[in-house]
Amino acid sequence: MSETGILTGSHFMNGDHACAEGAIAAGCRLFGGYPITPSTEVAERLARRLPQVGGVFIQMEDEMASIAAVLGASAAGSRAMTATSGPGFSLMMENLGLAIMMELPCLIVNIQRGSPSTGLPTLPGQSDIMQARWGSHGDYRLAAYSPWSPQEIFDLTIHGFNVADRYRIPVLLMADEVVGHMVERVVIPEAAEIPFWDRKRANGKAGETFHPFEPGEDLVPPFAHAGEGYRVHFTGLTHDTRGYPDMSAEMHQQLVRRLVDKVERNSAKLEMSDDYEVEDANILVLSYGSTARSARRAVREARELGIKAGALRLISIWPFPEQAFNALADQMDAFIVAEVNLGQMITEVERRVRTSKPVSGVHHAGGAMLPPGPILEEIKRVAGHA
Amino acid sequence: MRDVVFAEAHPLDRIIRSDRMPHIWCPGCGIGIAMRCYAHAILNSEIEEQNQVVVSGIGCSGRVAGYMNIDSYHTTHGRAIPFAVGLKLSNPALNVTVFSGDGDLAAIGGNHLIHGARRNLDLTVICTNNFNYGMTGGQSGPTTPYNARTTTSPYGSPELPFNLVDLLAAAGANFVSRWTVLHVRQVIDDILYAFGKPGFSFIEILSPCPVGFGKSNNFETGIEEMRLYRERCEMGEHMPLSELGIDLRAERPIYIGRFIDRNAPPFKPVHLGPAA
Ligand SMILES: Cc1ncc(C[n+]2csc(CCOP(=O)(O)OP(=O)(O)O)c2C)c(N)n1
Ligand code: SF4
Ligand SMILES: [Mg+2]
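These protein sequence lines are chains W and B, in that order.
Residue numbering for the first sequence follows our numbering, beginning at 933 and increasing consecutively.
Residue numbering for the second sequence follows our numbering, beginning at -9 and increasing consecutively.
Below are the SDA-like pairs computed for lysine to any residue, each with C-alpha atoms no more than 20 Å apart in a straight line:
#1 B/Lys187 x B/Pro255
#2 B/Lys258 x W/Arg980
#3 B/Lys258 x W/Ala979
Just so you know, the hints here were simulated from the structure itself, not pulled from any lab data.
Based on the provided sequences and hints, a complete structural model is requested.
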């Protein structure tokens, strides 16, 4: 271990542990959580690791408390996170909205399992995708990423903290049980090579004229932490630039519009994706998380059959990788969406394909990884390949 | 005409956001008095104002965070305590106070209240107990006395209330006291004492809500309820904790005082390595 506590080197570890190491590397200094399969190993690893680096691990009494503690820590200046799965994610929804309204950066990890309700605690699912986007009441935008490997969950944990701090938004890491429990090589770089985007901090004179919610040109207000002397007020009520409640429709429009625009205008910087064999492709398979591993295999096998298939992997699921999709959409004759739910991300693809080109889905309710077979079958069907 | 001297400013002006006055509270409401006691305690305390932080949940009492001219967080219904936990753990130099109502702290936030006390993290919790949900129009809550009338118990509440002192004592708080908004000296003293007391402190302040609770239970005005406090309050430090339940409508004493003052170890997160 280096002086910074970062485990620089090459390791063999599961996705949950890689997430915890990503948090340590990102400088996360508070984890508040409540155990739930299949995310528990994130908490267990951080219970060991945070005390070694001067950070705080606290097991809260439930998930509402977990996210509230994370937001309090964020308000006091810490990078803070929690990790959960479907049932706990549902309990966090109200305070997800508080994070949006108070513009408190934080990272919320959801290692998805078979749902709804208690569902399949130990088995995978990808069915919280729309909840990630719409689960808290009201209009809002945030960023959500879906890793496909332990290495990527490590990388995206760091990136997630950076994005959260730069835009003052909650960031969701929407992994699935397969990725959380899969053991693979994870390379942890030197501390100096770990990207770090700091919060835009308040640097005015502590005093009466400081408006803690006066945004800059990027629509992000500089952050004044508790204890810095600014005498700030933060509220979940609609508020003006001083942070004071203002119950008018005009102020509400102004505030909610800004909170949405802050993310939408920066969408291009938040989007992430990668592609595979798309150059000459005319059938595009879209997928994310562990399903993208199967999609890649299905595309390779289709190519062996002479079908010009390609794959687009959504790394940011919110915002949808618009630029990458638009760059490929025209050349395609058909789109296939593969996901471990009964049809969520496919609606995002359908509403972007405004032609008669077919969009079809390969879906499964959860409990098992989506194997390459059904995806390959769908590619063959769409290609008219007997 | 005699010379009249105008004070340039009130000493509490620096602690209360005068630019947010007038406040939203009804005439006869007790919350403002409790807030003033809190502001006084901050003024009298040796803790740097920069390190004073207030966290509230939602309710009439929850509006206190919005009126205090210190770092202030008006969070969601019931979640003030865990939010405060995060603030305090992230920056232990902060003196974090939770100021909220009986419904916010003991109903929707009840789990956080007992676990906060059990964990015994160094927080001060001030609870204005007006025996109902004032903000939403006088519904019954966890402290509504048996048989009392509220808008959701029009035939009298069929439920038994919490005795908050007993609850907090059992849950493990280091300091537990109860006063009313008539007892401003004692309230200020106890808030100051709680600031300095390691571990979880809980101060219950009985407070009239003439609009939500008073009218439907024959205390038409705030003054009337204050008179009742004066007539019926008795020091109850000698009483068994289980006897400290309150029913304003019954001919029995309202017990007040400092009930618990102990020194169980406060919560400290585990630290092993060098501080980062
Ligand atoms: C999740 C949620 N449920 C319900 C409400 C509505 N609500 C607002 S304040 C309140 C009760 C507050 O009662 P109390 O804490 O006793 O405060 P008081 O107004 O009496 O001071 C309720 C139920 C809410 N804001 N959020
Ligand atoms: S409703 Fe009751 S608690 Fe709320 S401001 Fe009016 S008197 Fe006070
Ligand atoms: Mg109340």
